[in-house]
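Q: Chains A and U, in that order, give the protein sequences.
Per the numbering used here, residue 2 is the first one in the first sequence, and the count goes up by one each step.
Per the numbering used here, residue 98 is the first one in the second sequence, and the count goes up by one each step.
Because the hints were derived from the structure by calculation, they are not lab data.
Please note that a few of the clues may not be correct.
As a list, the in silico BS3-like pairs of lysine-lysine whose alpha-carbon atoms are at most 30 Å apart [to be verified]:
| hint | chain 1 | residue 1 | chain 2 | residue 2 |
| --- | --- | --- | --- | --- |
| 1 | A | Lys76 | U | Lys146 |
| 2 | A | Lys379 | U | Lys146 |
| 3 | A | Lys297 | A | Lys323 |
| 4 | U | Lys228 | A | Lys80 |
| 5 | U | Lys228 | A | Lys227 |
| 6 | A | Lys130 | A | Lys46 |
| 7 | A | Lys173 | U | Lys228 |
| 8 | U | Lys146 | A | Lys367 |
| 9 | A | Lys297 | U | Lys146 |
| 10 | U | Lys228 | A | Lys229 |
| 11 | A | Lys233 | U | Lys228 |
| 12 | U | Lys146 | A | Lys85 |
| 13 | U | Lys146 | A | Lys207 |
| 14 | A | Lys271 | A | Lys367 |
| 15 | A | Lys163 | A | Lys271 |
| 16 | A | Lys271 | A | Lys227 |
| 17 | U | Lys146 | A | Lys271 |
Next come the chains, spelled out residue by residue.
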Amino acid sequence: MMGRRIATVAAALAALMLGPVPAIAQKATLNVVTAGDQNMVDYVKDYLAPIFEKNNPNVTVKAVGTGPGDAGSQKIAEKLAAQKTNPSWDVDVAVVHQKMAGDMVREGLLAPYVKDVSTGKLTTSPTAKSALGQNVEGYVIPMFQSQTAIAYNPSMVQTPPKSYADLEAWVKANPKKFGHNGIKGGMSGVAFVVGWIYANAPNSDKLMAGPYDKAVADAWGPAFAKLKDFNKQVTITPGNAGTLDMLNRGEIAMGPVWVDMFYTWMADGKLPPTMRLALIGPGMPGQPMYYVIPAKAANGAAARKFVEMATSPQVQAEGIVKKFNWYPGIDAQHVKAQLDEKTWNKLFIDVSPQDLAAKAKPFPVKEYFDAILQGYEKQVMN
Amino acid sequence: MPKHEELLRAPVKESRILPLCLVAPALLTVLVLFVYPLCYSLVTAFVDKGGQPTLGNFYRAFEFYSVDIGFTVVIVTLSTFAVGVLAIAIGGYLTLGECAPAVALLRWVYRWPLFIPFVVAAQCMRTFLAKNGLMNNSLVSLGLLDPQSTVGFLDWRGIVITFVWKQLPFVALLVSGAMASLDRTTIEAARNLGAGRLRILVEIVVPQVRPTLMVGLILSFVTMMSVLSVPIMVSGESPTMITVDMAFRINNYGDYGAANALGFISYALTGAAAWIYLRRGIAGGGKP
Chain A
2 MMGRRIATVA
12 AALAALMLGP
22 VPAIAQKATL
32 NVVTAGDQNM
42 VDYVKDYLAP
52 IFEKNNPNVT
62 VKAVGTGPGD
72 AGSQKIAEKL
82 AAQKTNPSWD
92 VDVAVVHQKM
102 AGDMVREGLL
112 APYVKDVSTG
122 KLTTSPTAKS
132 ALGQNVEGYV
142 IPMFQSQTAI
152 AYNPSMVQTP
162 PKSYADLEAW
172 VKANPKKFGH
182 NGIKGGMSGV
192 AFVVGWIYAN
202 APNSDKLMAG
212 PYDKAVADAW
222 GPAFAKLKDF
232 NKQVTITPGN
242 AGTLDMLNRG
252 EIAMGPVWVD
262 MFYTWMADGK
272 LPPTMRLALI
282 GPGMPGQPMY
292 YVIPAKAANG
302 AAARKFVEMA
312 TSPQVQAEGI
322 VKKFNWYPGI
332 DAQHVKAQLD
342 EKTWNKLFID
352 VSPQDLAAKA
362 KPFPVKEYFD
372 AILQGYEKQV
382 MN
Chain U
98 MPKHEELLRA
108 PVKESRILPL
118 CLVAPALLTV
128 LVLFVYPLCY
138 SLVTAFVDKG
148 GQPTLGNFYR
158 AFEFYSVDIG
168 FTVVIVTLST
178 FAVGVLAIAI
188 GGYLTLGECA
198 PAVALLRWVY
208 RWPLFIPFVV
218 AAQCMRTFLA
228 KNGLMNNSLV
238 SLGLLDPQST
248 VGFLDWRGIV
258 ITFVWKQLPF
268 VALLVSGAMA
278 SLDRTTIEAA
288 RNLGAGRLRI
298 LVEIVVPQVR
308 PTLMVGLILS
318 FVTMMSVLSV
328 PIMVSGESPT
338 MITVDMAFRI
348 NNYGDYGAAN
358 ALGFISYALT
368 GAAAWIYLRR
378 GIAGGGKP
């Protein structure tokens, strides 16, 4: 077993070092289109592109960003759908969120490329098979896993909450000292609201596994009513960055954040190094972003090589974990071997692997997800 | 003489097509990039996903966002009003002010926000207006405010402040221009009869520049109705402006129908503002 894994890794590395192959002889432009914040574009442009171009001198990588959140992924899906009848499409590799990945597979916009790349076998995570209840096996490789957690300022919070119930009690005692950004200003707030429903609604396992049953969604009334009361005692922040800004300025003591953003801000000196994280129970959602290859990508062969490089243990270790503080997209044991103990542990100081195993939840299946957002709009905001 | 006239006329006759040709690209651009999308969005507001006519989009828009629609009207109206009052104050001081250095300084300074995009203004306000932001920190360090009693303005008040800060120079520019071109004898006459500066401003100057002021305010109203960056960046969600809801509908549910219905509602609101203004113009003697 171990031997086979090593062989796979070795094969991946060999593929990396082989350099230009005849299949892509002319100078081609590989369009890598990525949803997400600017850091995603920077990652492709400043980190992945130089490595790939060095090994493939005949290919120029062009990184294009389509904007943060599901909106960014939606733009990619719309662009591909618009070109559906064309013989070849001008997107070679795309990086998309979970919600759109399922739709894109269903609409036949993606190529089942995972079998063609050697690193496809390095991912066994459930998110590589199912995206919010939709089967995406064979079509996606996770680029990274990101996770939300509650960031807190230890000088203002002596005993951090361990669960949503703890948090509720803390907020009652410390009004306006907890801040979240709701559902319209970014995904960290969305994740907090989803976690709230997981904690306060019956049958929360059904939300992650599907299939959709309207009766389950109709039973959320009390959970939303409780959230509406809770919101009266909190500060609503302007966006993911807004929560971190307010933590930094000491205006709030706690708030939901993306773990990778938290560490990146800390490394950039935009957040005091004393800030800590807590992943509260029963759990908060996280999500991967996926590398996908459109069904009629103009440079399909180069695209496969690109994804193979980007999901290799080396690149996952150096780029994803060390540079960007994300959890790796491929299985952790392949990546750990590439990193020194200190770098690896940094990722798990506050949120232990056990915490992740028990409390890192996926987002709900799409219908429930939409129902949560709509329910929040209707019952909490109105 | 007739010969001369013919010579003058001939090229005019020939070039009648030429102006049309010259105008065509611009006209086409407007038709394709503005009129077509406008009509398309108006039509799709009344059509469901299957292409059947429906009022469901409007039902959803009101079911979910009636609070936000009201909030948008209040915020934009309040901002427009504040812009009007402050623009008159600035224009008035530029026209009637007696301290030459102060007038020169004001004239130099007030236009600056005109050159700053909304998104940049919003980004600056986000750190400026926060509870422990630049404004409150400055007030605290000057001893004017107690650190415990600071209040953040990152809510509807922040939106109004940003809107007013950004739109004020535009209206003030129009208004002060109109004030500068007034016949100064009316002002001098009032002054000779003993009127104070405030009274001259309110009773003599403002009534004469009212048409210009109204044009500036209507344009500001329409501009502010359409801004997405400021509410998204400055304020939290509840309540929020309908531009944010439109973006949210599209980005999260792919629901263009309800987004277009909200768009239709915002056209209707700006249309109503324009109509009120036109009607008052006609009642006031037909001068727009």
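Q: If you draw a straight line from the CA of Lys146 of chain U to the CA of Lys207 of chain A, is it 30 Å or shorter?
A: holds, 28 Å
Q: For Lys233 of chain A and Lys228 of chain U, compute the direct alpha-carbon distance and say whether it is at most 30 Å.
A: holds, 18 Å
Q: Tell me if the straight-line CA distance from Lys271 of chain A to Lys227 of chain A falls inside 30 Å.
A: violated, 34 Å
Q: Between Lys146 of chain U and Lys85 of chain A, does the CA-CA distance stay at or below 30 Å?
A: holds, 20 Å
Q: Taken at face value, is the distance from the CA of Lys80 of chain A to the CA of Lys228 of chain U at most 30 Å?
A: Measuring from Cα to Cα gives roughly 42 Å; hence the hint is violated.
Q: Can the restraint linking Lys130 of chain A and Lys46 of chain A be considered satisfied, given a maximum Cα separation of 30 Å?
A: Answer holds: Lys130 of chain A to Lys46 of chain A is near 28 Å, not above 30 Å.
Q: Between Lys173 of chain A and Lys228 of chain U, is the straight-line Cα distance small enough, at 30 Å or below?
A: holds, 21 Å
Q: Does Lys367 of chain A sit within 30 Å of Lys146 of chain U, going by the straight-line distance between their CA atoms?
A: holds, 18 Å
Q: Given the hint that Lys379 of chain A pairs with Lys146 of chain U, test it: the Cα-Cα distance must not exceed 30 Å.
A: Holds: Lys379 of chain A and Lys146 of chain U sit about 22 Å apart, inside 30 Å.
Q: Is Lys228 of chain U close enough to Lys229 of chain A, meaning Cα to Cα at most 30 Å?
A: holds, 23 Å
Q: Please verify whether Lys163 of chain A and Lys271 of chain A have alpha carbons no more than 30 Å apart.
A: Answer holds: Lys163 of chain A to Lys271 of chain A is near 26 Å, not above 30 Å.
Q: Does the alpha-carbon distance linking Lys76 of chain A and Lys146 of chain U stay inside the 30 Å limit?
A: It holds: about 19 Å lies between the C-alpha atoms, which stays within 30 Å.
The earlier numbered hints that this structure contradicts are 3, 4, 14, 16 and 17.
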